[in-house]
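Trainee: Those sequence lines, one after another, are chains A and B. Using this note's numbering, the first residue of the first sequence is number 22, and each one after it goes up by one. Using this note's numbering, the first residue of the second sequence is number 362, and each one after it goes up by one.
Incorrect hints may have been included.
Claimed, not checked - For each label pair, taking beta carbons as the anchor points, the in silico distance ranges come out as:
1) B:Arg385 / A:Asn169: 41 to 51 Å
2) B:Val376 / A:Phe86: 48 to 58 Å
3) B:Arg385 / A:Gly38: 34 to 44 Å
4) A:Gln99 / B:Val374: 14 to 24 Å
5) A:Trp88 / B:Asn390: 55 to 65 Å
6) B:Asp525 / A:Asp84: 32 to 42 Å
7) B:Ser448 / A:Gly38: 30 to 40 Å
8) A:Glu146 / B:Glu391: 33 to 43 Å
9) A:Asn169 / B:Asp525: 58 to 68 Å
10) A:Asp149 / B:Val376: 41 to 51 Å
11) B:Asn390 / A:Arg82: 11 to 21 Å
12) B:Arg524 / A:Asp107: 30 to 40 Å
13) B:Val374 / A:Gly44: 16 to 26 Å
14) A:Ala185 / B:Glu391: 27 to 37 Å
As the list claims (entries may be wrong) - In the PhoX-like style, the derived pairs of lysine-lysine whose C-alpha atoms are separated by at most 20 Å in a straight line are:
15) A:Lys140 / B:Lys369
16) B:Lys373 / A:Lys141
17) B:Lys369 / A:Lys187
To be clear, the hints were calculated from the coordinates, so they are not data collected in a lab. Beta carbons are placed, not taken as given, at the ideal position from N, Cα and C, and that holds for glycine.
What follows is each chain in one-letter form.
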Amino acid sequence: LSEKKELARVIKSVQDGNLEAFGLIYDRFFDSVYAYVLRQVGVPADAEDITAGVFLDVFERIDGFVWRGAGFTAWLFQIARNDVLDYFRKRRSPRNEMAISEEIEAMPAALMVEDVAQKKWDDRELRDAIDLLSDDQRQVVLLRLMLNFSHRQIGEVLDKSEGAIKALQHRAYASLRKILVDVDKEKVSTVA
Amino acid sequence: MDLEDQLKEALKVDVPPELKLSMRERIMNEARLSQGRKQVVAAPRRRWHLPFLPKPVRLHPVAFASVVFLSVFAGTAAASGSASPDSLLYPVRQKIEDARISLVRSDVDRAQAELELADQRLTEVSDMLREGKDAYVPDLLARYETNMSQAISLRDQAARDDRDVSEIDALAAAIAVRHDEILSSAPLSEAMGNGSAGLYSNEDADGAGAGPAAARPHAGNSSASVGGGTMASTPAAQPAAPGAGAAASGNPNNPPDVADNQGADAADIEPEEEDSAGNGSDNDSSDRSRSASRRADRTAVADVGSSDAPSKQKHRDSAKRKTDKRRGGASLAARND
């Protein structure tokens with residue numbers, strides 16, 4: 022609670038024109054914003070540019086920020102998400118083109134083997150699997166697992182209800198298992 | 362290790378401290394610049410509202426300071442706000458009006474402000490006539506003509522800039538009608554009988570059939586060049602319709618007897634239409650005759666004073682149509698019979 026109060030005080034100070042207070046916001050959120058952006062765009066130089074843009078957007082729009090709902094963090098990551106979407110839009114390579122989530126969901130459940138989830142996976146394989154998720158599912162995984170956001174906070178970022186976020190998370194995990202099973206099968210067949 | 366933990370591990374990003382530091386410097390510099398831009402952009406948005414004008418007007422701070430000085434520190438200014446023409450403070454009031462007008466930037470707003478002042482002059486003319494203070498009337502009418510002249514040139518400029526001038530046209534036409542109504546009901550004979558040169562400063566007393574020479578609308582040289590009653594009264598002879606004769610108004614500060622070149626260019630003027638009322642042959646109504654001759658003179662002045670008479674005639678017609686529409690057309694039609 023005290024951390025929330027402290028953040029509210031800092032935000033008020035930035036709204037009053039205190040540039041040093043904005044530095045405190047940067048210190049508090051840079052790591053998570055940069056990681057969130059980099060995990061999506063994959064190119065460090067692009068991630069740096071987008072992250073800089075996010076913080077400048079925050080600085081320019083903070084006058085209009087009103088504390089409500091999940092608060093400042095969700096508001097900031099909403100901006101970050103939009104900036105990433107803009108990045109893909111400008112490159113004309115929306116990530117959704119890569120996603121095959123509908124096909125994954127259509128795969129028979131019989132392929133889901135329980136021990137797949139217990140297997141040790143390569144980090145690269147896991148990240149590739151996440152990239153194949155739909156945008157909403159990927160956002161839930163990133164915000165939940167990378168940044169420890171609550172369902173409510175994720176709902177604020179994606180403009181969805183808590184229930185919808187829980188359902189998205191459930192489907193995202195199911196899809197990941199299916200993908201990983203498929204990857205495992207490919208591995209076995211390649212070796213054979 | 363279950364899948365969720367493995368995903369968390371796979372998604373971890375190690376942010377190099379030096380990257381965070383260099384990015385901080387970059388972002389803070391950008392934020393500083395953005396803050397400066399915000400302040401620069403925000404400054405011109407400030408609107409200085411002048412309560413005595415109908416619409417908020419954006420003013421340069423220096424101009425606003427001048428207004429504040431005039432309005433707050435000039436004690437006489439406040440007292441002269443409602444000064445009537447026979448008051449000692451009236452000249453102060455006129456100076457303040459001029460100062461206020463000069464601070465309005467938009468041509469459209471300025472034209473409207475000029476028209477409102479012209480209308481105010483008519484109110485004062487009416488008041489002075491009612492109180493029998495006819496001596497003040499010529500100067501007031503000269504001021505009226507000046508205001509109308511300014512309004513019309515501003516209106517024409519605004520029209521050239523593709524601004525909407527329909528409101529100005531309608532207002533000008535309405536004021537022109539009021540002008541005629543006030544003058545047509547004025548006790549001209551009394552005004553002349555008491556030694557006054559008439560409602561308008563007179564410089565041409567020999568206009569054929571023009572009725573009293575007092576009907577001359579302008580004191581300046583331009584109007585003096587027109588042969589008085591030879592010009593016919595026409596329905597289009599609304600004096601203050603946009604582009605109309607007020608543009609040729611002479612200097613209102615000139616005494617009536619300084620006008621020269623009387624009738625010199627009369628031969629150059631083509632009358633638009635003959636009207637028996639304007640020739641003074643209609644003896645049934647001397648008032649109407651005088652009013653008609655005044656309108657005739659103003660029409661002539663309009664034609665002399667403008668280099669683009671056809672376009673101004675079009676404006677006059679347009680303004681008249683609007684006025685007719687607003688007034689139901691009946692009263693104006695009756696006046697033009």
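Trainee: Which hint numbers doesn't this structure obey?
Mentor: Per hint list: 1, 2, 3, 5, 7, 10 violated.
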